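Colleague: Spelled out, the chains give:
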Amino acid sequence: MSAVIENHHEDHHHGPAKGITRWLYTTNHKDIGTLYLWFSFAMFLIGGAMAMVIRAELFQPGMQIVEPEFYNQMITLHGLIMIFGGVMPAFVGLANWLVPMMIGAPDMALPRMNNLSFWILPFAFFILLSSLFMEGGAPNFGWTFYAPLSTTYAPPSVTFFIFSVHIMGASSIMGAINVVVTIMNMRAPGVGLMKMPLFVWSWLITAYLLIAVMPVLAGAVTMMLMDIHFGTSFFNAAGGGDPVLFQHIFWFFGHPEVYIMILPAFGIVSHIIETFSRKQLFGYSSMVWAMLSIAILSFVVWAHHMFTVGLPLAAEIFFMWATMLIAVPTGVKVFNWVATMFRGSITFETPMLFALAFVVLFTIGGLSGLMLAIVPADFQYHDTYFVVAHFHYVLVPGAIFSIMAAVYYWIPKWTGNMYDERLGKLHFWLSFTGVNVTFFPQHFIGLAGMPRRYPDYALQFADWNMVSSVGAFLFGFSQLLFLFIVLKTVMGGKKATAQVWEGAKGLEWSVASPAPYHTFSTPPKID
Amino acid sequence: MNKGSKKTLTKLIIAVPLMFAFGFALVPLYDVFCEVTGLNGKVFQSEHTESLVIDDGRSISLQFISTNNENMPWTFQPSKEVMKIETGKYHTATFFVKNTTNKKMVAQAVPSVAPSNAAAHLKKLECFCFEQQELLPGEEATLPVKLLVSNELPSNIKNIILSYTIFDITDYNDESLAHHETGME
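The listed protein sequences derive, respectively, from chains H and U. For the first sequence, the UniProt record's numbering assigns the number 1 to the initial residue and increments by one for each residue that follows. For the second sequence, the UniProt record's numbering assigns the number 1 to the initial residue and increments by one for each residue that follows.
Fair warning: there could be bad hints in the mix.
With beta-carbon atoms standing in for the labels, derived distance ranges [what the hints assert, rightly or not]:
| id | chain 1 | residue 1 | chain 2 | residue 2 | range |
| --- | --- | --- | --- | --- | --- |
| 1 | H | 68 | U | 65 | 30 to 36 angstroms |
| 2 | U | 84 | H | 146 | 35 to 41 angstroms |
| 3 | U | 125 | H | 146 | 19 to 25 angstroms |
| 4 | H | 308 | U | 81 | 43 to 49 angstroms |
| 5 | U | 150 | H | 321 | 46 to 52 angstroms |
| 6 | U | 58 | H | 239 | 46 to 52 angstroms |
| 7 | U | 84 | H | 67 | 52 to 58 angstroms |
| 8 | U | 71 | H | 146 | 52 to 58 angstroms |
Bear in mind the hints are in silico, worked out from the structure with no lab data behind them. On a predicted model such as this, the values are computed, not experimentally measured, just so you know. Ideal Cβ placement from N, Cα and C applies to all residues, glycine included.
Given these sequences and hints, build the entire structure.
Modeller: This is the structure:
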């Protein structure tokens with residue numbers, strides 16, 4: 001990172017402080033964005049290492065490498081770390097870097113809260129990871145932590161888990177409040193709401209979702225804490241509570257959470273496809289309305305995760321149709337991306353490759369989601385590897401590919417250097433192959449009936465599991481190449497121009513590369 | 001910070017505890033929803049107000065199921081598994097229970113009714129599930145439930161299942177109860 005620091009220093013008389021205090025005390029949106037991005041990369045590698053343990057154990061039937069208890073801890077921590085430590089902080093990091101530059105603001109509206117919301121995160125994950133070394137082991141009840149597994153039958157470390165979820169929630173809420181206040185009040189004159197770049201729109205909607213549901217998650221873990229330590233019976237049937245209530249509260253948070261992890265991706269991909277198609281984005285306002293309707297619908301579909309708990313028929317039909325309705329705005333977005341590319345003069349640089357893979361593979365994940373929305377079919381698919389395949393298709397080549405696309409697309413702006421295009425393309429093709437070899441076969445073994453969350457499986461699933469594990473190792477190790485590419489770009493490389501990409505539009509491309517430490521101290525003129 | 005930012009910030013900061021409270025409000029809302037719709041097979045006790053005319057009563061079968069919650073070693077079973085009953089009339093059924101351990105234990109039975117739309121029509125006048133059962137080591141008991149199925153029961157329902165799950169709610173920290181480390185059966 002030091003190369004970047006010195007570059008900045010040359011550019012500006014009021015540059016960053018020197019040494020570690022720059023990062024500890026910083027209130028600069030670019031510094032905090034960088035911190036978030038590096039933190040999420042570290043979590044991505046830790047969570048990824050856990051995925052490698054899981055796939056190594058599943059390489060062959062029978063118990064080979066880890067104990068079943070440890071396997072359960074791995075699947076739990078893998079899910080929690082990837083969601084709360086990987087994807088969400090990465091998007092917050094991108095928002096920090098990009099939102100102020102895209103709307104012509106000098107910084108985020110609440111810079112000190114910004115510092116706080118980042119710096120409590122490492123503590124949350126330190127607490128969560130330290131539970132691995134506690135008596136009874138780390139949380140082992142799956143990332144959805146259903147009661148009573150997470151209350152009556154939980155290991156003692158569950159209290160640490162609850163505390164760390166509280167901290168993560170506080171961090172997310174502060175980050176979201178910051179984004180909303182910034183977007184609503186700090187746009188440069190001339191940047192009307194319907195003139196905002198789509199990434200800004202996607203984050204505005206995401207931030208509202210976060211403010212609405214993260215407190216509900218905090219409520220759910222607080223109820224768990226009270227059931228475990230203070231003798232209440234929210235989820236305990238013996239005391240008049242109801243474990244199914246836990247699932248309702250959890251998924252009331254959980255489903256909007258799913259869209260929190262995909263809406264910013266929609267924004268990113270819209271920018272990249274527009275740039276590399278060298279055309280104006282097709283259907284800007286329908287993109288905004290589609291995201292708004294997805295966000296609103298996300299509050300009335302939660303019980304589609306619970307079709308097998310014994311819901312009444314009327315509820316199952318309602319949640320089935322409401323879920324399928326989401327395909328309409330999502331379809332609008334996919335068609336708009338395709339229409340943007342239609343007759344464009346497209347080039348296939350690494351960000352564009354990731355964005356295109358996003359469109360195709362996210363659509364596959366969306367289609368398997370529609371299959372899961374069909375109630376009678378879901379009775380069959382529920383808790384099988386088909387579900388695992390579905391949500392990994394929307395999260396890995398969905399959310400994570402969009403984050404990688406964003407990094408390749410904006411890293412010249414951040415560092416002033418072009419990344420190595422040949423290595424970038426290699427990284428893309430390795431990841432693309434790895435992801436599909438890993439997760440596509442999981443559709444087959446899921447439909448054949450292999451249940452999720454078990455360390456062992458019946459012999460007939462052996463072949464596809466081995467294929468899936470090979471794909472996972474390929475995908476996992478190619479991310480080290482990504483780390484290498486990012487480090488190499490930070491250290492040096494071909495100098496980037498201010499506009500960087502031929503077709504790039506937007507305020508962030510009007511400032512020099514690398515972006516000076518302070519941008520838009522006076523609002524830009526918008527024509 | 002400008003004025004607009006302060007206003008937005010205040011609104012959002014108020015929204016956070018409101019949503020936190022909403023999470024807790026979901027708990028009673030969930031019960032209200034179940035009560036209104038009769039979902040979840042939960043039996044809610046209400047005063048029996050309708051007149052007890054028995055002339056349009058019909059015969060249905062009432063089935064009993066007993067389940068032991070995990071780690072609950074007691075013997076627990078219905079005296080009769082199926083009863084033919086008349087709607088609009090009181091009937092008494094009994095369950096046999098025995099503490100098979102060598103320690104004093106307290107239990108609580110939790111009822112559930114299937115199909116769920118029958119739950120609102122099954123009224124219990126008296127039930128062992130209204131109170132806790134405390135049994136000495138080896139003690140046995142016959143637990144009664146006095147109930148009535150109202151005539152309003154939808155005509156397509158010919159068979160109702162009343163199921164009880166028995167939970168161990170012994171307070172093992174309580175010194176007055178016998179010590180902990182005893183065998184199960």
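Colleague: Given the range 52 to 58 angstroms, decide if the beta-carbon distance of residue 71 of chain U to residue 146 of chain H lies inside it.
Modeller: violated (19 angstroms)
Colleague: Range first: 30 to 36 angstroms. Now tell me if the beta carbons of residue 68 of chain H and residue 65 of chain U are that far apart.
Modeller: holds (32 angstroms)
Colleague: Between the beta carbons of residue 150 of chain U and residue 321 of chain H, is the distance compatible with 46 to 52 angstroms?
Modeller: violated (34 angstroms)
Colleague: Range first: 35 to 41 angstroms. Now tell me if the beta carbons of residue 84 of chain U and residue 146 of chain H are that far apart.
Modeller: holds (40 angstroms)
Colleague: Return holds or violated for the Cβ distance of residue 84 of chain U and residue 67 of chain H against the range 52 to 58 angstroms.
Modeller: holds (53 angstroms)
Colleague: Can you tell me whether the CB distance of residue 308 of chain H to residue 81 of chain U sits inside 43 to 49 angstroms?
Modeller: Roughly 27 angstroms apart at Cβ, these two residues miss the hinted range, so it is violated.
Colleague: Against the range 46 to 52 angstroms, how does the distance between the Cβ atoms of residue 58 of chain U and residue 239 of chain H compare: consistent or not?
Modeller: Hint violated: Cβ distance 37 angstroms, outside 46 to 52 angstroms.
Colleague: Using the C-beta atoms of residue 125 of chain U and residue 146 of chain H, is the stated range 19 to 25 angstroms upheld?
Modeller: violated (36 angstroms)
The structure fails hints 3, 4, 5, 6 and 8 (numbered hints given earlier, in ascending order).
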